[in-house]
Amino acid sequence: MSKHSTDADVAFIKALAEILNTNELTEISVKRDYAEDDSLDVRVVKQANVVTMTQAAPMMAAPAAVAAAPAHAPAVVAGSDDPAQHPGALTSPMVGTAYLAAEPGAKPFVAIGDKVTEGQTVLIIEAMKTMNHIPANRAGTVKRILFEDGSPVEFGAPLMIIE
Amino acid sequence: MSAEALPQGWPQGVARILLDRVDSTNAYAAGLGATGPTWIMAAEQTGGRGRRGRPWSSPRGNFYATLSLRPTETADRVALRSFAAALALREACAGLMGTGAGLALKWPNDVLLNGGKLAGILLESTGAGGQIAQLSIGIGVNLIAAPTPDQVESGAVAPVSLLAETGIRVTPETFLTALARAYHAWESRFQAEGFAPLRAEWLAHAARLGETITARTGQSSHQGRFDGIDESGALILTTPQGRQTIPAAEIFF
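One line per chain: the protein sequences are A and B, in this order. Heads up: the first sequence at position 81 corresponds to 81 in this note's numbering, and the numbers run straight through without jumps. Heads up: the second sequence at position 73 corresponds to 73 in this note's numbering, and the numbers run straight through without jumps.
FYI, nobody ran anything at the bench for these hints, they're computed from the structure. Every value quoted in this text rests on a predicted model; they were computed, and no experiment measured them. C-beta atoms are modelled at their ideal positions from N, C-alpha and C, and glycine is treated no differently. Take the hints with a grain of salt, since some may be wrong.
To be verified - Cβ-Cβ distance ranges computed for the label pairs, FRET-style:
| no. | chain 1 | residue 1 | chain 2 | residue 2 | range |
| --- | --- | --- | --- | --- | --- |
| 1 | B | A34 | A | G119 | 15 to 23 Å |
| 2 | B | A5 | A | K143 | 52 to 60 Å |
| 3 | B | P7 | A | Q85 | 53 to 61 Å |
The following block holds chain A by itself, in its conformation from the complex (with noise of 0.2 Å):
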C-alpha cells in the first residue's frame, strides 16, 4: 500500500547502493516510515561477497595474492545484473574460503583477462583441510572476479565470470 512516489523508492534505494559501493559494507536494511500503513522495507546485499560466519570485525583484505581480486565486490541491488544468474558464472560446489593462490604469496591461478581452458584450475575451495582446485566450467575470458582472496563463500554462490 504505497500512497507516495516510486520513483522516489527507487532514488533511495540507488542511493543505498551507493553507500555499500563506497563503505566496506556487505549489507544495509532500512525501514522508512512515511505514514501509517506506508513504509518501506530495503534490505540491499553485496551478493558478490557472501559471508558464511558472522564477522567479529570488518572484512580485511588479505595482503598477499588480492591484487586480482577488484577492490570492491560490484554492488547488487535486487533484481538487477546478478552474476549468479549469468551464463558465465562459475560457482562454488561447497561451503568454504575461496582462494586465489595455491599458497600465500604465490601467483594466483588466473587474473581478470586472462584466457583460460575448460578444466583448468581457477582457484581452490577449502574445507575441512580438503584444498579442491576448482577447474573452469568453459574455455574463455576470466571477465570478473567475484571473492576477495581467503573469503568465506557459500554453496552456489558465484566466483567468477568466464566468457
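Please build the complex by placing chain B on the supplied structure of chain A, with the hints as guidance.
Frame of chain A, contents of chain B only:
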C-alpha cells in the same frame, strides 16, 4: 617403485606403491591417474608440504604417504574423508602404542600425542561440475623425529615424535599397513552408515572440546568456546557474537 607381495593384513582391492624419494606424495598421486584406491608411500620427500604451502619436514624414518581415491560424490561429502583419515590415523597409532592414552584429535584432522602434534593430514582434490574426480589424502607422521619448535609457525602446537614420546620405534612400512587397514574400515563404515558414526567417534577423541580456542580464517580470527562439529564437519564456535560454524580455519589453543 616396488611391486613385491603385499603384507599380511593389507586391505583387499587396495594397491600399494613404495617410492624411495619423491617431491611430494600428494603431487605424485595427482599425476598418477590410478583408477582404484592406491596408497603411495615415500621414504623421503623433497618438497613435502602442509596446509597453504607450509613446508612439511620430511627426513627419512618418518612416515609420508598419500591415499589416492576416485570418489564419485559431491565435494562437501568427499571432504568428510578428512575425519575418516583422522580416525584411522589415531587408531593406527593407538594400535602400535598398545593404548590410546595421550592421543587426541585437533580439528579437523591433526593427531596430537601428549598435547604435541604427532601427525598431519592434507587433502587435495580435483574435479569438475561439482563432482570430485580424484582425491589425494596426504598423511605425515613424525615416527622418529619431529621438527624443532622454531621450524613451525608461532603459536602452533609443538611437534612431537612417536619415538621420543613413547620409546616405540615403528618403520614406515609397518605403519602403512596399520593405517591402510584402519582407513579401509572407516571408509567402509562411512559408505554404509554416513558421517554420523565418524562424527561421534571424532568428538569422543576431540582435544579442547568445551574450551576456549582461536580459529584463524583467511581474513579474520575468532575466539570462542569449541562446541563440537556439525553434520558437515564444520567447527562450531560459540563467541560473544553468537554461534559460528567454520568450514576452514587454522586452530590455535
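To see whether the hints hold, each was checked on the structure:
{"no.": "1", "hint": "A34/B with G119/A: 15 to 23 Å", "verdict": "holds, 19 Å"}
{"no.": "2", "hint": "A5/B with K143/A: 52 to 60 Å", "verdict": "holds, 55 Å"}
{"no.": "3", "hint": "P7/B with Q85/A: 53 to 61 Å", "verdict": "holds, 55 Å"}
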